[in-house]
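The sequence shown begins at 3 in this note's numbering and counts up by one.
To be clear, the hints were calculated from the coordinates, so they are not data collected in a lab.
One should not assume that every hint holds.
Once the Cα atoms are required to be at most 25 Å apart in a straight line, the calculated SDA-like pairs of lysine to any residue come out as [said to hold, decoys possible]:
| id | residue 1 | residue 2 |
| --- | --- | --- |
| 1 | K41 | W55 |
| 2 | K33 | V124 |
| 3 | K109 | A229 |
| 4 | K33 | E12 |
| 5 | K21 | D152 |
| 6 | K156 | N30 |
| 7 | K25 | D127 |
| 8 | K207 | V310 |
| 9 | K130 | E42 |
| 10 | K156 | L104 |
| 11 | K116 | A96 |
| 12 | K130 | A229 |
| 13 | K238 | K130 |
| 14 | K33 | H22 |
Keep in mind the model is a prediction, meaning the values are calculated, not measured.
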Amino acid sequence: MAAMPTMVFEAGPMEVDVKHVDKSMIPNLAKPLMVVAPKEAGAYPVIVFLHGWNMLNSWYEQLLTHVASHGFIAVAPQLYWMVVSEPDADDIDATKRITNWLADHDKGLAYVLKDVFKLEHVEPDLTKLAIAGHSRGGQTAFAVALGLGDAKTKLELKFSALIGVDPVAGVSRAQQLEPKVLTFEPDCLDVGMPVLVMGTGLGPKHIGGFPCAPVGVNHAEFYRECAPPRYHLVVKDYGHLDMLDDNVPYIINNCMCMRNQHNTKDLARRTMGGAMVAFLRAKLRIDACELIAIYRNPELAPAVLDQVDEFLPCLVGQPDPSSV
Numbered sequence: 003m004a005a006m007p008t009m010v011f012e013a014g015p016m017e018v019d020v021k022h023v024d025k026s027m028i029p030n031l032a033k034p035l036m037v038v039a040p041k042e043a044g045a046y047p048v049i050v051f052l053h054g055w056n057m058l059n060s061w062y063e064q065l066l067t068h069v070a071s072h073g074f075i076a077v078a079p080q081l082y083w084m085v086v087s088e089p090d091a092d093d094i095d096a097t098k099r100i101t102n103w104l105a106d107h108d109k110g111l112a113y114v115l116k117d118v119f120k121l122e123h124v125e126p127d128l129t130k131l132a133i134a135g136h137s138r139g140g141q142t143a144f145a146v147a148l149g150l151g152d153a154k155t156k157l158e159l160k161f162s163a164l165i166g167v168d169p170v171a172g173v174s175r176a177q178q179l180e181p182k183v184l185t186f187e188p189d190c191l192d193v194g195m196p197v198l199v200m201g202t203g204l205g206p207k208h209i210g211g212f213p214c215a216p217v218g219v220n221h222a223e224f225y226r227e228c229a230p231p232r233y234h235l236v237v238k239d240y241g242h243l244d245m246l247d248d249n250v251p252y253i254i255n256n257c258m259c260m261r262n263q264h265n266t267k268d269l270a271r272r273t274m275g276g277a278m279v280a281f282l283r284a285k286l287r288i289d290a291c292e293l294i295a296i297y298r299n300p301e302l303a304p305a306v307l308d309q310v311d312e313f314l315p316c317l318v319g320q321p322d323p324s325s326v
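All chains, please: the whole structure from these sequences, using the hints.
Structure (structure tokens):
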């Protein structure tokens with residue numbers, strides 16, 4: 003029996019374990035990883051999650067724990083740390099190498115789950131693979147899905163779903179990160195898979211400097227340019243970093259981006275995490291009831307949703323959510 007629609011916004015029924023893995027444990031690992039996995043025996047879809055600009059992967063533990071508790075394995079590489087600005091090509095290549103590593107027969111993700119987590123009967127189902135990213139990581143996720151970057155590493159696995167968590171392509175239309183993803187033409191980003199783009203209402207606002215998610219290169223433009231099927235929602239009263247863990251450093255939480263002032267980040271995490279779960283279930287498990295419910299009744303979410311929209315192919319007039 004399918005879960006009740008609102009259950010995706012609550013912690014899932016599965017106990018979750020979190021481990022950090024690096025080259026000292028897995029010599030052929032391209033980047034250090036945080037892996038978040040259910041403890042209950044089973045084969046689970048996998049989501050590769052890319053952190054935002056100068057963020058630590060560990061700051062997404064609560065968000066990814068929410069997703070994993072509903073029956074998914076999250077793999078979050080630490081692509082870089084403390085850089086001012088550099089092209090995205092290295093991150094694209096590292097993401098492809100990490101993705102290929104998942105299927106390594108000797109020291110891949112299955113090995114980590116069994117020998118590092120000590121979970122004997124938890125397995126990755128790499129036929130059900132998604133990629134997601136926050137902020138600059140969202141831009142990188144789109145770039146990987148579009149096949150941008152150099153060809154020195156060939157992607158050996160196929161992604162079946164893409165999620166942008168308040169994705170950002172640069173500081174302005176004239177200053178996009180290279181290689182450029184946005185073209186400023188509608189329906190032009192054909193990634194060959196369904197896309198969920200989530201935004202924040204406070205992301206385009208600033209607290210003295212540049213906004214963290216500037217108009218013209220943020221979630222709205224990514225959604226406008228995605229070829230269908232595409233889905234969009236905005237967590238209206240929250241900022242660009244409000245889905246991060248509660249215990250991030252003070253300067254990250256308070257001094258970088260406009261944020262919600264009511265100390266209710268849990269509502270943002272549950273809303274965005276729940277939407278991710280509903281989308282992944284619909285696209286990787288062919289169970290669309292929660293996704294349909296969210297788009298028919300956005301008031302089900304713990305946080306106020308705005309700009310809730312979808313564009314599905316081969317439909318005339320107003321899209322019917324039952325067709326997802």
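Now for the hints, and whether the structure bears them out:
Pair hint K41 plus W55 does not hold up; C-alpha atoms about 30 Å apart against a cutoff of 25 Å. Of the pairs offered as hints, the one joining K33 and V124 holds, with about 23 Å between alpha carbons and a cut-off of 25 Å not exceeded. With a C-alpha separation of about 36 Å, the suggested pairing of K109 with A229 is violated against the 25 Å cut-off. Taking the CA atoms of K33 and E12, the gap is about 31 Å. The hint is violated against a cut of 25 Å.
The suggested pairing of K21 with D152 is violated, with an alpha-carbon distance near 31 Å, which exceeds 25 Å. At roughly 16 Å between alpha-carbon atoms, K156 and N30 fall within 25 Å of each other, so this suggested pair holds. Taken as a hint, the K25 and D127 pair is honoured in the structure, with Cα atoms around 24 Å apart against an allowance of 25 Å. Simply put, K207 and V310 have alpha-carbon atoms about 20 Å apart, close enough for the 25 Å limit, and the pair holds.
For a cut-off of 25 Å, the pair hint linking K130 to E42 stands: about 18 Å separates their Cα positions. Of the pairs offered as hints, the one joining K156 and L104 holds, with about 14 Å between alpha carbons and a cut-off of 25 Å not exceeded. Of the pairs offered as hints, the one joining K116 and A96 holds, with about 24 Å between alpha carbons and a cut-off of 25 Å not exceeded. Taken as a hint, the K130 and A229 pair is honoured in the structure, with Cα atoms around 21 Å apart against an allowance of 25 Å.
The suggested pairing of K238 with K130 is violated, with an alpha-carbon distance near 31 Å, which exceeds 25 Å. The hinted pair formed by K33 and H22 meets the criterion: a straight-line CA distance of about 11 Å does not exceed 25 Å.
In this structure, the earlier hints numbered 1, 3, 4, 5 and 13 are contradicted, and the remaining ones agree with it.
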